[in-house]
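Chemist: Now for the letters of each chain:
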Amino acid sequence: MASKIVTFTLNGKETEVMVKPFTTLAKALRERLGFTATKCGCYEGNCGSCTVLVNGDPVLSCILPAEDVEGQDVLTLEGITPQEGLHPIQQSFHENYAVQCGFCTPGMIMISKALLDKNPHPSREEVAEALSGNLCRCTGYDPIIAAVEQVAGAQGGNHG
Amino acid sequence: MAEQDLKVVGQSVLRRDGMSHVTGKTQYIDDILLPAMTHLKMVRSPLHHARIRSIDFSEAEKVPGFVRAFTYKDVPKNIYTILCLIGVGPDEEPVLAEQEVLFKGEQIAAIVAETEEAANEAVARVRLDLEELPPVFDVEEALKPGAPIIKPWGKNHFEYEGHHCRRIRFGDVEKAFAEADYIVEGCYEPKPIEHAPLETTGCVAKPEADGRITVYTNTQALYFSMDNTALILQVPFNKLHFVGGTVGGGFGGKVDVIVEPIAALAAMKIGRPVKYLYTRSEEFNVSSTRVAYRIYFKDGVTKDGRIIARKVISYADAGAYNRHTPYAVTKHAANITGPYMIPNVYVDAYCVYTNRVPTSAMRGFGVTSASFATEVQMDKIARTVGMDPFEIRLLNGYRNGDMRPYQKVVGDATLVEVVQAAAEMVGHPVREPYKSMHSWDRDYSPERHQPLQAEEV
Chain W
1 MASKIVTFTL NGKETEVMVK PFTTLAKALR ERLGFTATKC GCYEGNCGSC TVLVNGDPVL
61 SCILPAEDVE GQDVLTLEGI TPQEGLHPIQ QSFHENYAVQ CGFCTPGMIM ISKALLDKNP
121 HPSREEVAEA LSGNLCRCTG YDPIIAAVEQ VAGAQGGNHG
Chain L
1 MAEQDLKVVG QSVLRRDGMS HVTGKTQYID DILLPAMTHL KMVRSPLHHA RIRSIDFSEA
61 EKVPGFVRAF TYKDVPKNIY TILCLIGVGP DEEPVLAEQE VLFKGEQIAA IVAETEEAAN
121 EAVARVRLDL EELPPVFDVE EALKPGAPII KPWGKNHFEY EGHHCRRIRF GDVEKAFAEA
181 DYIVEGCYEP KPIEHAPLET TGCVAKPEAD GRITVYTNTQ ALYFSMDNTA LILQVPFNKL
241 HFVGGTVGGG FGGKVDVIVE PIAALAAMKI GRPVKYLYTR SEEFNVSSTR VAYRIYFKDG
301 VTKDGRIIAR KVISYADAGA YNRHTPYAVT KHAANITGPY MIPNVYVDAY CVYTNRVPTS
361 AMRGFGVTSA SFATEVQMDK IARTVGMDPF EIRLLNGYRN GDMRPYQKVV GDATLVEVVQ
421 AAAEMVGHPV REPYKSMHSW DRDYSPERHQ PLQAEEV
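Going down the list, the sequences are from chains W and L. Following the working numbering, the numbering of the first sequence begins with 1 at its first residue and continues without gaps. Following the working numbering, the numbering of the second sequence begins with 1 at its first residue and continues without gaps.
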C-alpha cells in the first residue's frame, strides 16, 4: 500500500506528514515530525504516556492511525509549553513534586488539560477518575492529583 | 556553620530535572533518532530448557532491510557474569546462547535491520531446531538428586567459598530449642515482581569516527555497564563512552547488563548506530524480576516472649543465571534475624538455579524478603505467647552493643524508639516497662556474647 500525505493542525500550525498505512500518530509525531515530548511506554494503548488531544479530547496516539487525524486539530505537550516559563499545569506539576522519572509526565499533563478544559473545578474523585488510564510506576499519584487540584483551585480563584 | 546560612538543608528544593520533565524535553532512549540508525531485535527461545541443534537464517536474510545476524560466535567473550566486577564467579551467562537455552525468552541470536518492522519480520523467519530438555521450576526440586542439572559445574546452586549455601553459625540453636518454651515455625514465599518501569530497558550504540563506541543507555549502573561491556567486547575501557543518567523508571530493573554489550558489538561490526529497546512484552517476559524465595523459619521462644534461637533454611530462586542474586542471598542471610537480638542463629541460604527467567535486583533486594518473613513471624510469635505485637518488638529489638549473628556489633540501634513513636502515632497504648525502654538499656548477660558497654561503642 502506498504512503499517503496526512494534513492536520498540529499545535495550531497546519502540518503535512507522509506516512505508510498503519503508521500511528505517535510514530508520525515522534519519528517523522520530531515532536518527542509525547512518550510511548507500551506502544499498545495501555499506559497512557502517549496521550495527546485531538479536537480537545484525549486519545492514545500510540494506537491511533495517523491517517485518522486528517483535517483534525492535534495538541501535544509542545503545544501548551509557552516560549518562556511554564503552562499553569506544568508549573503545578513541577512545584508539587508530581514528577519523578518523568516518563509518564507528558501524558499526565495532557490528560489533566483535557479534564480542566471541560471541567475547571473537578472534585478529587473526578481528577482521580480522569487520570485512571495513565500509569505512573514511581508511585506518584498523590502529588499528581494534588498538582491538578491546585490548578483547579487557582482557576477557581481567578474566576472569583 | 550557623543554621541560618544553610540554603538547602531544611528546605524543599525543586527538582533539577523537573523543568525538563514537565516540558517533555528530557531525552529518553526512544527519543534518540540518529542518521542511518538500525534496529536490533532478538531471536529468543520458545522453550524453558533446550539444546540448540541449529539456527537457519536463510529466510531471514531475504527480508528487505535485513542487515546482519549475530550469534555467540561473534561475541569476543560470550560467557560472563555481571558481578565478576566484585569478584563473583565463575562466569556463567552467555550474551547469546551457545549449545543450550535455560529459560523461555533467552536470547539466541540478534538480528539487525534497517527498520524495526524489518528486524521483527526477520526474527520471525529465523528457524530454530531445538531439542527440548526437561525443565525444573521449583527451588527445592532443583536441589534433589535426579533433578535436571542446568549448570556446567554439576549443581543447581551457587557456591559460596566452596560451601553449598551462604551460612551463618552463631551460638547453639539446638541447645536453645531444648530450653525454649515454644517452638514457632513458619514458611514464607515472597514472589517475583516485575519492576515494570514506564520506559523499557534499552540503549543506542553509535560508532564514532575515531573507533570509539558511544552508548546512550537508560541503565541505573553506568560504569558497571561500561566495564562489563568492555570485558565482553574485549576492548579497553577508553574505547567506550557511556552516556546515561536519565532513567525512565528503574527500581533495580535496570542494573543488569543485557542490552548494551550486544548493541555495542553490532554497532562496531556494521559501523552504524544500533538501537536495542525492549518492547513492553520483553520488559515483562524476559527482563529480570525480583528474586522469589521460599523461607523456612524455626524459632525457639521463652514464655516471656524472648526469641532465644532461630534456624532458617532459605531458597532463593535465581532463575537461569546469577545476575545479582548471589549477592542478594548474602544480604538476605545477614538480615534474616531482622532488627532483633537473637543469641543463637543458624542460617542456610541457598542461591538456586531453575529454568525460570533470571531474577535480580529490586529495591532492597535480599533484605525486603527477609524483613517480610521476619515481621510476619514476629506477629505469629506474639500470638503464640500472648503478647502485644508492639511490646514483643520492644522486648527483642536491638540495643547498642548487641552482637549481630554475622559478628558485627550494633552501634546505631533505633528500633525501640521507632516502635514507640509508631505506636503513639497510631494511638496504640504501650505499657511499662516497654514505654521506658531505650536503645541503650540491654540488661547484659553472658549468653549475649559479651557485648560492649554503651560508653565504648
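Source of the hints: derived by calculation from the structure; they are not laboratory data. Some clues are possibly wrong.
Anything over 10 angstroms on all C-beta distances counts as not near chain W; from chain L, calculated [stated by the list, open to error]:
no. : residue
1   : Met19
2   : Asp30
3   : Gly249
4   : Thr368
Some but not every residue of chain L turned toward chain W, in silico, with C-beta under 8 angstroms [claimed, not checked]:
no. : residue
5   : Gln11
6   : Leu14
7   : Val22
8   : Leu33
9   : Glu189
10  : Lys191
11  : Pro192
12  : Glu194
13  : Pro197
14  : Val247
It should be emphasised that the depicted structure is a prediction, and the values quoted were computed from it without experimental measurement. All C-beta atoms in this analysis are idealised placements derived from N, C-alpha and C, irrespective of residue type, glycine included.
Chemist: Taking the hints in turn, state whether each one holds.
Modeler: A quick look at each hint next to the structure:
{"no.": "1", "hint": "Met19", "in the structure": "6 angstroms, violated"}
{"no.": "2", "hint": "Asp30", "in the structure": "6 angstroms, violated"}
{"no.": "3", "hint": "Gly249", "in the structure": "5 angstroms, violated"}
{"no.": "4", "hint": "Thr368", "in the structure": "15 angstroms, holds"}
{"no.": "5", "hint": "Gln11", "in the structure": "13 angstroms, violated"}
{"no.": "6", "hint": "Leu14", "in the structure": "6 angstroms, holds"}
{"no.": "7", "hint": "Val22", "in the structure": "4 angstroms, holds"}
{"no.": "8", "hint": "Leu33", "in the structure": "6 angstroms, holds"}
{"no.": "9", "hint": "Glu189", "in the structure": "24 angstroms, violated"}
{"no.": "10", "hint": "Lys191", "in the structure": "18 angstroms, violated"}
{"no.": "11", "hint": "Pro192", "in the structure": "16 angstroms, violated"}
{"no.": "12", "hint": "Glu194", "in the structure": "10 angstroms, violated"}
{"no.": "13", "hint": "Pro197", "in the structure": "6 angstroms, holds"}
{"no.": "14", "hint": "Val247", "in the structure": "6 angstroms, holds"}
When the structure is compared with the earlier hints, violations turn up for hints 1, 2, 3, 5, 9, 10, 11 and 12 and for no others.
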